[in-house]
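Each chain, written out:
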Amino acid sequence: MEQAGKKRIWGEYQKDIAEDHYFYVRSCIRQTFFPGSETTFLRILRDELFKDVFEDARHTTCTGIGYHTDIVPFETTMTIAARHFALMTEAGYVNFVPSCVTSFGIYTEILDTWKHFPEMEAKARDFLWTATRREFKVPENLSHTSDIIYKFRNQLAASSKHHLIDKNDGKPLKVVEHIGCHYAKMFPKCGIGGAEFPAVLSGMVEAWGGEVIDYPERRHCCGFGFRQYLIRANRGYSMSNSKKKFESMQPYQPDFIVANCPGCAMFLDRWQYTIAEMEGTTYNESGKGIPVLTYEEMAGLVLGYDPWVMGMQMHQISVEPLLDKIGIIYDKKDKYLGSKGQYIGVPQQPLFLLQ
Amino acid sequence: MGRLHERLCEDLRCLEGLNSCMNCGVCTAICPSAEFYHYDPRIICDTVQSTDDELIEQLLKSDTIWYCGECMSCKTRCPRGNTPGLLIMALRKLSQELGYFTDSEKGRQQFAIRRVIGDSILTTGYCMRPMLVNPQNHPEQGPVWEWVYNNLTEVMDKVGANYMKDGPGVLRQIAPAVLAEINEIFKVTGGQDFFQCIEKFSLDKANEMGLIAGERGSDNAYFSEVYTKNSGNHH
Amino acid sequence: MNKTIVIVGGGPAGLEAAAALGSSPHHVLILEKEHETGGKLKNWHHLFPNFADAFEILKSLEKTLPLNNPEVKYDSNVCKIEQMDGKLLVLLNKGEKINADAVLLATGFDLFDAHKKEEYGYGIYKNVVTSFELEEMFKIGSFPDHLKDGMPKKIAMVHCVGSRDKKAGNLHCSKLCCITGVKQAIELRKHLPNSSVYNFYMDLRMYGQHFEELYQEAQEDYGITFIRGRVSEIAENSEGSLQVKAEDTLSGRPMKMVFDMVVLLLGMTPASSTTPISVSLGLPRTNAGFLSPLHQHIAANETCIPGLFLAGTCREPLSLQESITDARAAAFKIIEWLKLKDNN
Numbered sequence: 001m002e003q004a005g006k007k008r009i010w011g012e013y014q015k016d017i018a019e020d021h022y023f024y025v026r027s028c029i030r031q032t033f034f035p036g037s038e039t040t041f042l043r044i045l046r047d048e049l050f051k052d053v054f055e056d057a058r059h060t061t062c063t064g065i066g067y068h069t070d071i072v073p074f075e076t077t078m079t080i081a082a083r084h085f086a087l088m089t090e091a092g093y094v095n096f097v098p099s100c101v102t103s104f105g106i107y108t109e110i111l112d113t114w115k116h117f118p119e120m121e122a123k124a125r126d127f128l129w130t131a132t133r134r135e136f137k138v139p140e141n142l143s144h145t146s147d148i149i150y151k152f153r154n155q156l157a158a159s160s161k162h163h164l165i166d167k168n169d170g171k172p173l174k175v176v177e178h179i180g181c182h183y184a185k186m187f188p189k190c191g192i193g194g195a196e197f198p199a200v201l202s203g204m205v206e207a208w209g210g211e212v213i214d215y216p217e218r219r220h221c222c223g224f225g226f227r228q229y230l231i232r233a234n235r236g237y238s239m240s241n242s243k244k245k246f247e248s249m250q251p252y253q254p255d256f257i258v259a260n261c262p263g264c265a266m267f268l269d270r271w272q273y274t275i276a277e278m279e280g281t282t283y284n285e286s287g288k289g290i291p292v293l294t295y296e297e298m299a300g301l302v303l304g305y306d307p308w309v310m311g312m313q314m315h316q317i318s319v320e321p322l323l324d325k326i327g328i329i330y331d332k333k334d335k336y337l338g339s340k341g342q343y344i345g346v347p348q349q350p351l352f353l354l355q
Numbered sequence: 001m002g003r004l005h006e007r008l009c010e011d012l013r014c015l016e017g018l019n020s021c022m023n024c025g026v027c028t029a030i031c032p033s034a035e036f037y038h039y040d041p042r043i044i045c046d047t048v049q050s051t052d053d054e055l056i057e058q059l060l061k062s063d064t065i066w067y068c069g070e071c072m073s074c075k076t077r078c079p080r081g082n083t084p085g086l087l088i089m090a091l092r093k094l095s096q097e098l099g100y101f102t103d104s105e106k107g108r109q110q111f112a113i114r115r116v117i118g119d120s121i122l123t124t125g126y127c128m129r130p131m132l133v134n135p136q137n138h139p140e141q142g143p144v145w146e147w148v149y150n151n152l153t154e155v156m157d158k159v160g161a162n163y164m165k166d167g168p169g170v171l172r173q174i175a176p177a178v179l180a181e182i183n184e185i186f187k188v189t190g191g192q193d194f195f196q197c198i199e200k201f202s203l204d205k206a207n208e209m210g211l212i213a214g215e216r217g218s219d220n221a222y223f224s225e226v227y228t229k230n231s232g233n234h235h
Numbered sequence: 001m002n003k004t005i006v007i008v009g010g011g012p013a014g015l016e017a018a019a020a021l022g023s024s025p026h027h028v029l030i031l032e033k034e035h036e037t038g039g040k041l042k043n044w045h046h047l048f049p050n051f052a053d054a055f056e057i058l059k060s061l062e063k064t065l066p067l068n069n070p071e072v073k074y075d076s077n078v079c080k081i082e083q084m085d086g087k088l089l090v091l092l093n094k095g096e097k098i099n100a101d102a103v104l105l106a107t108g109f110d111l112f113d114a115h116k117k118e119e120y121g122y123g124i125y126k127n128v129v130t131s132f133e134l135e136e137m138f139k140i141g142s143f144p145d146h147l148k149d150g151m152p153k154k155i156a157m158v159h160c161v162g163s164r165d166k167k168a169g170n171l172h173c174s175k176l177c178c179i180t181g182v183k184q185a186i187e188l189r190k191h192l193p194n195s196s197v198y199n200f201y202m203d204l205r206m207y208g209q210h211f212e213e214l215y216q217e218a219q220e221d222y223g224i225t226f227i228r229g230r231v232s233e234i235a236e237n238s239e240g241s242l243q244v245k246a247e248d249t250l251s252g253r254p255m256k257m258v259f260d261m262v263v264l265l266l267g268m269t270p271a272s273s274t275t276p277i278s279v280s281l282g283l284p285r286t287n288a289g290f291l292s293p294l295h296q297h298i299a300a301n302e303t304c305i306p307g308l309f310l311a312g313t314c315r316e317p318l319s320l321q322e323s324i325t326d327a328r329a330a331a332f333k334i335i336e337w338l339k340l341k342d343n344n
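First to last, the protein sequences are chains A, Y and W. Per my numbering, residue 1 is the first one in the first sequence, and the count goes up by one each step. Per my numbering, residue 1 is the first one in the second sequence, and the count goes up by one each step. Per my numbering, residue 1 is the first one in the third sequence, and the count goes up by one each step.
Keep in mind that the hints are not guaranteed to be accurate.
Said to hold, decoys possible - Derived BS3-like pairs (lysine-lysine); straight-line CA-CA distance at most 27 angstroms: (1) W/Lys148 - A/Lys174; (2) W/Lys154 - A/Lys189; (3) W/Lys73 - A/Lys15; (4) Y/Lys187 - A/Lys137; (5) Y/Lys165 - A/Lys340; (6) A/Lys174 - W/Lys126; (7) A/Lys15 - W/Lys256; (8) W/Lys80 - W/Lys59; (9) W/Lys256 - A/Lys244; (10) Y/Lys229 - A/Lys51; (11) A/Lys244 - Y/Lys165; (12) A/Lys123 - Y/Lys187; (13) W/Lys256 - A/Lys243; (14) A/Lys7 - W/Lys3; (15) W/Lys139 - A/Lys151; (16) W/Lys116 - A/Lys15; (17) W/Lys139 - A/Lys7; (18) Y/Lys165 - A/Lys335; (19) W/Lys166 - A/Lys244.
Keep in mind the hints are simulated off the structure, nothing from the lab. Remember, it's a predicted structure, so these values are computed and weren't measured experimentally.
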């Protein structure tokens, strides 16, 4: 693969990412499955980069999952979004930063719709006023949380304690980067690097010493499919799509997978477990599966944060092989203990997937 | 052009999603659903484009429109600027408004989503939260998740969450005043009406099938039926 | 009275127009931006539909050049043309000015920049090549040596690259790529008898004489497979082979195939070198960006600017044969116009 060709495309899809003063809204899925990642993001922004990040406790779900399972009408979703813009305006911010990739997709879709159909924006104002007596200004900048980390990746590299390098041979770790569909597929210009060769995670990986793998199903959806996972009868769809990706990436022997969408990270982790238990198949030689990280966890490891405080014990695929490869010192015994060191039980062992 | 087609064209997503289709097939080529289901987004666009109400009605009553995973990969590739995924959203909306969704096995599943996700939004302010992912219903989440689920407070505490407490933070408790605003928004924007529409048609279907659906929640026979039934004829 | 006619562009249209004007008393000057004439014809090996030798045709078009007839200035890029006192002042990038009684724009076309079609991976995956590059391989008689055994065994031809594509910025059909795809597919099978070739198309535009018959020959005599589905994505496998995704729309199934080499059939776009000229003159463009004639049907070689004429692919996608005929028509119109001007 010729790097020059990729860099050319990245050069054409540059995006304006706000420098500071972020109005932050959380992700339902990230809070559920990767709660430590949200905490880590705020810690990085505030403690490493000294940025002003504001969270209004009165914000809620963006209803994205409801919208994409077709139970919540567009008018409702856009008014919920408008309410968040109102909270942002009230707090004196203009830069809107969602943690969830589906949310990011929703907000970009809404802003785009309002541009083409100004009467919808007028309707949103009207609905919001009628329902809540709130008024809003449209954000000046809309960036995903991974865009922010991307923007400051070199600064973070400068204060890093670890690199994405295999300490045994000094070679860059081979990384599969997975971009959530709703980050750039709808509006390629809203994603750094566009939809075909997105740069947001590649940029981080390369800034921190790793090597990005391009494999045939790189751009393929992880298979969340909203209703295709949420309803048990449909879950085969979800698993099949992840399986397709695993089979495609396996020949490249990745050291880990990183995703900017929390749903994707969860699925790529869990489906490896499910496939192992159903078929006895794992996708790396050790039989332990390929560790799947959120980009916050990847950034946190590079900065020397404790993996268990970041919540990496919540992954089904064990992350220790990766931590050992990088040379991170961590307390093995602390993995499943509570915050005061108390014993709270340990997970059962899977039948086939090694842990 | 029939009345169904006209109604469809009133939906913004249909206007945004379909300009004109030249049947090139790039959408189907990369569609995750097309690979695993008996589904072809190109044919969906072609069908709507035909303005044939009979075909559109068939579509609205079929499993077909429920196969899409709304990943929007189709939008990235279409050389005419169409988005089959958006068209699907318009079709799904109309199918539910008209009650046609209960004719198909996949369509009936909307009831389960309405009960779980819909009620979660209105009563907690979250679309998804840990208590919704019961390991009994989600064996694929694995034994680590089961351990998390059984030790939620402690695990959340370890990772710095503000679990079910006031103020900002991960998985905070969303204040009643905020929930009141959300509910009001749903009322004013037609969201509440739409929920009731899904409920009404689903309850009618449940009656017809001789299954109890109850007034709320997932602990009923109709819920179990739509949540788990798979005829295996979808490929 | 001898007039000065400047022809911008020494490709087939420019050369043929000059030849047609050669029997007139006027002084004809060709301004060629490169250091040799011939335009894109220089890079071609065999021409559709009968595999005629491009080099022979080029030589025939250039046959009077050694006699300095017409005069040709090489490495001469036109940066501006201005209307001045009923004439046209042509400014070259080197600073030289030429006062012309009539100017014929024969600036030709550019091939679509395949890098823009990101999902095809041109410039990123080395076994993705263009129709232009394939023609070069035919000329030198060999394929890139990084291919296993120095030759591809399974090749895909991708139609409509940069044409009929809102995302690529070109809604128009480039007309010639389909027949080029059929021709090159046959040539691949001739060069590589053990290869298999697949053409991925949306429509097969077999508009010209013997085109449809060539398509049939491609299927019957050369065993080329035609799949009605536009290529959606090309990705690279670990050993460099290419995974192509398309839908076989005739059977309604998505498909994935692996190839050793993929050839992108590039569309035609208006030559970028013409932009300074059209901007300085205020010459309008068609929706597809080609130079706009005075009237598409009955004044296709004239423009709204007195003394400015068009010939060849600068005004729309044309085959070589059509460009040559078009050039002769433009020459006639120029002579007619100059006579009219003289009489007034």
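Structure-based check of each hint:
1. W/Lys148 - A/Lys174: holds, 26 angstroms
2. W/Lys154 - A/Lys189: It is violated: about 35 angstroms lies between the C-alpha atoms, which goes past 27 angstroms.
3. W/Lys73 - A/Lys15: violated, 45 angstroms
4. Y/Lys187 - A/Lys137: It holds: about 23 angstroms lies between the C-alpha atoms, which stays within 27 angstroms.
5. Y/Lys165 - A/Lys340: Judged against 27 angstroms, a Cα distance of about 19 angstroms means the pair holds.
6. A/Lys174 - W/Lys126: Within the cut-off at roughly 21 angstroms; holds.
7. A/Lys15 - W/Lys256: violated, 33 angstroms
8. W/Lys80 - W/Lys59: violated, 30 angstroms
9. W/Lys256 - A/Lys244: holds, 13 angstroms
10. Y/Lys229 - A/Lys51: violated, 50 angstroms
11. A/Lys244 - Y/Lys165: Violated - the C-alpha atoms of Y/Lys165 and A/Lys244 are around 41 angstroms apart, more than 27 angstroms.
12. A/Lys123 - Y/Lys187: holds, 14 angstroms
13. W/Lys256 - A/Lys243: holds, 16 angstroms
14. A/Lys7 - W/Lys3: violated, 52 angstroms
15. W/Lys139 - A/Lys151: violated, 48 angstroms
16. W/Lys116 - A/Lys15: Between W/Lys116 and A/Lys15 the Cα gap is close to 18 angstroms, so the pair holds against 27 angstroms.
17. W/Lys139 - A/Lys7: violated, 32 angstroms
18. Y/Lys165 - A/Lys335: holds, 25 angstroms
19. W/Lys166 - A/Lys244: violated, 30 angstroms
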